[in-house]
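Using the supplied hints, reconstruct the complex from the two chains, each of which is provided in its own coordinate frame.
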Amino acid sequence: GQQLNQSPQSMFIQEGEDVSMNCTSSSIFNTWLWYKQDPGEGPVLLIALYKAGELTSNGRLTAQFGITRKDSFLNISASIPSDVGIYFCAGQLSQDSNYQLIWGAGTKLIIKP
Amino acid sequence: NAGVTQTPKFQVLKTGQSMTLQCAQDMNHNSMYWYRQDPGMGLRLIYYSASEGTTDKGEVPNGYNVSRLNKREFSLRLESAAPSQTSVYFCASRIDGGNIQYFGAGTRLSVL
Chain A
405 GQQLNQSPQS
415 MFIQEGEDVS
425 MNCTSSSIFN
435 TWLWYKQDPG
445 EGPVLLIALY
455 KAGELTSNGR
465 LTAQFGITRK
475 DSFLNISASI
485 PSDVGIYFCA
495 GQLSQDSNYQ
505 LIWGAGTKLI
515 IKP
Chain B
47 NAGVTQTPKF
57 QVLKTGQSMT
67 LQCAQDMNHN
77 SMYWYRQDPG
87 MGLRLIYYSA
97 SEGTTDKGEV
107 PNGYNVSRLN
117 KREFSLRLES
127 AAPSQTSVYF
137 CASRIDGGNI
147 QYFGAGTRLS
157 VL
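Residue numbers (our numbering), protein chains in the order written: chain A, 405 to 517; chain B, 47 to 158.
Just chain B, with the same shape it has in the complex (with noise of 0.2 Å):
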């Protein structure tokens, strides 16, 4: 009954550092998404897949970089990880046909 999982759930890094935040869901969904929550703002949405071997920028890609390896995961990329990119970061998929997400525990980045 896993759903959407997330690693790692926390994560501290120094800026410049890079890392990946890992995703997979076993919900057979074709369409999974990044968001990013900072105070007040809601979930903003970083970028998404609408199937195996596509990806398309959201509202606020820029420092990120995704990789749809399969249908179960996509990752997410900072390459050079910057101090406003401190976030809480889910990853989430969507049922087929319908606009219902199911999201991840999130993961917890702070970059000092």
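Isolated chain A (complex conformation) (with noise of 0.2 Å):
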């Protein structure tokens, strides 16, 4: 099927530190949605996308559609213990009316103690 390629997949960061991470696709895409899954509980919306060039920001996260239409970017400034977890993205193809979702695989956020 179609894949969304997502990275890093992982990542060590000391607290403080400003975190990046991204989706790509050869396909276009109409909406960007970001999810993050803490541990144990099932993944929770962040960020939702839905004009290319659109940058939106949810406290310290920020995410961007890329204006290509084939990628978003999540930015998370000062990371805190907390934002350990791991991160999906998730995008509607331009061609789709039935609202399915491709998913990347994660970038899973660890901080250094």
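Just so you know, these hints were derived from the structure itself, not from any lab.
In this text, all values refer to a predicted model and were calculated from it rather than measured experimentally.
Any given hint might turn out to be false.
Only pairs whose alpha carbons sit at most 35 Å apart, straight line, appear in this in silico DSBU-like list of lysine-lysine [as the list claims (entries may be wrong)]:
(1) Lys-55(B) x Lys-516(A)
(2) Lys-103(B) x Lys-455(A)
(3) Lys-516(A) x Lys-474(A)
(4) Lys-117(B) x Lys-455(A)
FRET-style restraints, in silico, Cβ to Cβ [to be verified]:
(5) Thr-132(B) x Ser-414(A): 17 to 25 Å
(6) Ser-430(A) x Gly-144(B): 19 to 27 Å
(7) Arg-123(B) x Thr-472(A): 40 to 48 Å
(8) Ser-121(B) x Gln-418(A): 40 to 48 Å
(9) Pro-517(A) x Glu-119(B): 39 to 47 Å
(10) Gln-418(A) x Ser-97(B): 45 to 53 Å
(11) Ile-417(A) x Glu-98(B): 43 to 51 Å
(12) Ser-424(A) x Leu-158(B): 39 to 47 Å
(13) Pro-517(A) x Glu-105(B): 36 to 44 Å
(14) Glu-421(A) x Thr-100(B): 40 to 48 Å
(15) Thr-132(B) x Ser-498(A): 34 to 42 Å
(16) Val-448(A) x Thr-66(B): 22 to 30 Å
(17) Pro-517(A) x Asn-76(B): 39 to 47 Å
C-beta: ideal position from N, C-alpha, C; glycine also.
Written as structure tokens, this is what we have:
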């Protein structure tokens, strides 16, 4: 099936560092969603993007819808311990009228002690 | 403020046993989904239901069956569990007219 390439697969960071992750595809999307999964829980929506070039923030998180419509980026500023978890991107293809989502494999964020 | 509720949270099965994973949502959504999550592979769609009375296969349907019992409930059944079905299973429902999905807390299944 369709694939989203999400990178990096995992990140070890120091508390206070900024974090960047991205998702890319060879296909064009009309929606990008970013979810976070805490350990032992289900994914929870962080940010939704609907227009090419759109830049949206949610607290210390900022996500962008790439202008080519084939990628999206998530940045976390000044990371804190509760940021640990798995971050997923998901997108809806522009030709999909059924609202189906294509999922990235996730970026696991680990904070160094 | 329940959202999507999944039961059980944990389950251990022996190879060949059967079981049904339950999912219910209280948001009056038409569309519901079952995913499995395996390390490094993200979320893979097993089955979905666009509305009460309809179900469709997703990316990895083999070994599973589903029932959309009513608008609230969407169950996933393993008729003869296999070790390859050891995974974390998530149910989700989708807001009508949009693509945002809301997830349950998951069922962690081990098949020995």
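Now for the hints, and whether the structure bears them out:
A C-alpha spacing of about 29 Å is found between Lys-55(B) and Lys-516(A), which places the hinted pair at or below 35 Å, so the restraint holds. Simply put, Lys-103(B) and Lys-455(A) have alpha-carbon atoms about 30 Å apart, close enough for the 35 Å limit, and the pair holds. Straight-line distance between C-alpha atoms of Lys-516(A) and Lys-474(A) comes to about 32 Å, which keeps the hinted pair within the 35 Å bound. Restraint check for Lys-117(B) and Lys-455(A): the C-alpha separation of about 32 Å stays at or below 35 Å, so the hint holds.
One distance hint, 17 to 25 Å for the beta-carbon pair Thr-132(B) and Ser-414(A), holds here, with the actual separation near 22 Å. Our hint of 19 to 27 Å for Ser-430(A) and Gly-144(B) holds, since their Cβ atoms are close to 25 Å apart. At roughly 42 Å, the beta-carbon separation of Arg-123(B) and Thr-472(A) lies within the given 40 to 48 Å, and the hint holds. Evaluation of the 40 to 48 Å hint for Ser-121(B) and Gln-418(A) yields a pass: the beta carbon distance comes to about 44 Å.
For the pair Pro-517(A) and Glu-119(B), the supplied restraint of 39 to 47 Å holds, since their beta-carbon distance comes to about 43 Å. Between Gln-418(A) and Ser-97(B) the beta carbons are some 48 Å apart, a value that agrees with the proposed interval 45 to 53 Å. Checking the proposed 43 to 51 Å range against Ile-417(A) and Glu-98(B) shows it holds: the Cβ atoms sit about 45 Å from each other. Range check, Ser-424(A) to Leu-158(B): Cβ separation about 41 Å, and the 39 to 47 Å hint holds.
Between Pro-517(A) and Glu-105(B) the beta carbons are some 37 Å apart, a value that agrees with the proposed interval 36 to 44 Å. Distance hint check for Glu-421(A) and Thr-100(B): the Cβ-Cβ separation is about 47 Å, which falls inside the suggested range of 40 to 48 Å. Range check, Thr-132(B) to Ser-498(A): Cβ separation about 36 Å, and the 34 to 42 Å hint holds. Restraint check, Val-448(A) to Thr-66(B): a C-beta distance of roughly 26 Å satisfies the suggested window 22 to 30 Å.
At about 46 Å, the beta-carbon gap between Pro-517(A) and Asn-76(B) stays in the expected band of 39 to 47 Å.
Hint compliance for this structure: no hint is broken.
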